[in-house]
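Visitor: Got chain A; can you put chain B on it based on the hints?
Residue numbers (our numbering), protein chains in the order written: chain A, 928 to 1040; chain B, 633 to 742.
Hints are not guaranteed to be accurate.
As the list claims (entries may be wrong) - Calculated cross-link-like contacts (lysine-lysine; reagent style BS3-like; alpha-carbon spacing at most 30 Å): (1) B:K695 - B:K674; (2) B:K691 - A:K940; (3) B:K689 - B:K674; (4) B:K711 - B:K695; (5) A:K953 - B:K691; (6) B:K689 - B:K711; (7) A:K940 - B:K689; (8) A:K940 - A:K953; (9) B:K674 - B:K691; (10) B:K689 - A:K953; (11) B:K674 - B:K711; (12) B:K701 - B:K691; (13) B:K701 - B:K689; (14) A:K953 - B:K695; (15) B:K691 - B:K711.
To be verified - Far from chain B, some chain A residues (derived; all Cβ distances over 12 Å): (16) E1002; (17) N1006; (18) T1027.
Honestly, the hints are just simulated from the structure, not real lab data.
Using N, Cα and C, we set each Cβ at its ideal position, and we do this for glycine too.
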Amino acid sequence: DAGVTQSPTHLIKTRGQQVTLRCSPKSGHDTVSWYQQALGQGPQFIFQYYEEEERQRGNFPDRFSGHQFPNYSSELNVNALLLGDSALYLCASSTGSGNTEAFFGQGTRLTVV
Amino acid sequence: EDQVTQSPEALRLQEGESSSLNCSYTVSGLRGLFWYRQDPGKGPEFLFTLYSAGEEKEKERLKATLTKKESFLHITAPKPEDSATYLCAVRTRGYNKLIFGAGTRLAVHP
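Just chain A, with the same shape it has in the complex (with noise of 0.2 Å):
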């Protein structure tokens, strides 16, 4: 049973570039959320996607946008990129009862420059 899948694992981007990250969520599971882990600390959420919409979000700025498709798969978009942004960023799968454990996968490193 595949796990939750991200690509791509590392990603070196200019300044006011844009981006975009995907994520295969575990077998069985129809809720993705997005989270951003700066070095050092604790995952931050930025939001989370349920049913193609987004359900809830984090305190993140609109350049940070999403989408899931009926597969369940979905993206992350940032774009006008800042030096900030920097970060890895991590998809979690979920039921969408919202009563499960969420599964990360291994993350997609993001470097600014």
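Guide: Just chain B now, kept in the frame of chain A:
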């Protein structure tokens, strides 16, 4: 505001030296407390979920407990392979997001 605080920030143990990690929380209605293990550069690996005060869960050398204000992760006779960052997170009533603490970096030396 919902908040999770973990202590200590870092812990160094000798192999076989048991200890506990603390996670204190202030939330408006707990819908679950979660423990994760995270290796450098990797995503968090799920360990335990606790839902109510008094609940305990065990897995190998790890045991998690929960009170109304905090949770403990007890590590018995740790081995070097237990070295990692241990993250605590809560899910609160009405929300599905996880609120994480900053983690405890554990180093176990032979």
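Visitor: Run every hint past the structure and note whether it holds.
Guide: The hints, checked one at a time:
A threshold of 30 Å between alpha carbons decides the hint, and for K695 (chain B) with K674 (chain B) the separation of about 23 Å falls inside it, so the pair holds. In summary, the hint linking K691 (chain B) to K940 (chain A) is not supported, as the alpha carbons are separated by about 41 Å, beyond the 30 Å threshold. Of the supplied pair hints, the one linking K689 (chain B) and K674 (chain B) holds, its CA atoms being roughly 24 Å apart against a limit of 30 Å. Note on K711 (chain B) and K695 (chain B): the hinted pairing holds, with a Cα-Cα distance of about 15 Å set against a maximum of 30 Å.
Pair hint K953 (chain A) plus K691 (chain B) holds up; C-alpha atoms about 22 Å apart against a cutoff of 30 Å. For the given pair, K689 (chain B) sits about 20 Å from K711 (chain B) by alpha-carbon distance, which is consistent with the 30 Å threshold. The straight-line distance between the Cα atoms of K940 (chain A) and K689 (chain B) is roughly 43 Å, outside the 30 Å bound, and the hint therefore fails. Of the supplied pair hints, the one linking K940 (chain A) and K953 (chain A) holds, its CA atoms being roughly 28 Å apart against a limit of 30 Å.
Our distance criterion of 30 Å between C-alpha atoms is met by K674 (chain B) and K691 (chain B), whose separation comes to about 21 Å. Taking the CA atoms of K689 (chain B) and K953 (chain A), the gap is near 24 Å; set against the 30 Å cutoff, the hint holds. About 20 Å separates the Cα atoms of K674 (chain B) and K711 (chain B), which keeps this hinted pair within 30 Å; it holds. Between K701 (chain B) and K691 (chain B) the alpha-carbon distance is near 23 Å, which keeps this suggested pair within the 30 Å criterion.
The straight-line distance between the Cα atoms of K701 (chain B) and K689 (chain B) is roughly 17 Å, inside the 30 Å bound, and the hint therefore holds. For a cut-off of 30 Å, the pair hint linking K953 (chain A) to K695 (chain B) stands: about 26 Å separates their Cα positions. Between K691 (chain B) and K711 (chain B) the alpha-carbon distance is near 14 Å, which keeps this suggested pair within the 30 Å criterion. Chain B leaves E1002 (chain A) outside its interface by the beta-carbon criterion, the shortest separation being 17 Å against a cut-off of 12 Å.
Consistency note on N1006 (chain A): stated as away from chain B, and its beta-carbon is indeed over 12 Å from all of that chain's, at 22 Å minimum. A Cβ of chain B approaches the Cβ of T1027 (chain A) within 12 Å, the least distance being about 8 Å, so the stated non-interface status is violated.
The structure fails to meet hints 2, 7, 18 from the earlier list, while all remaining hints are met.
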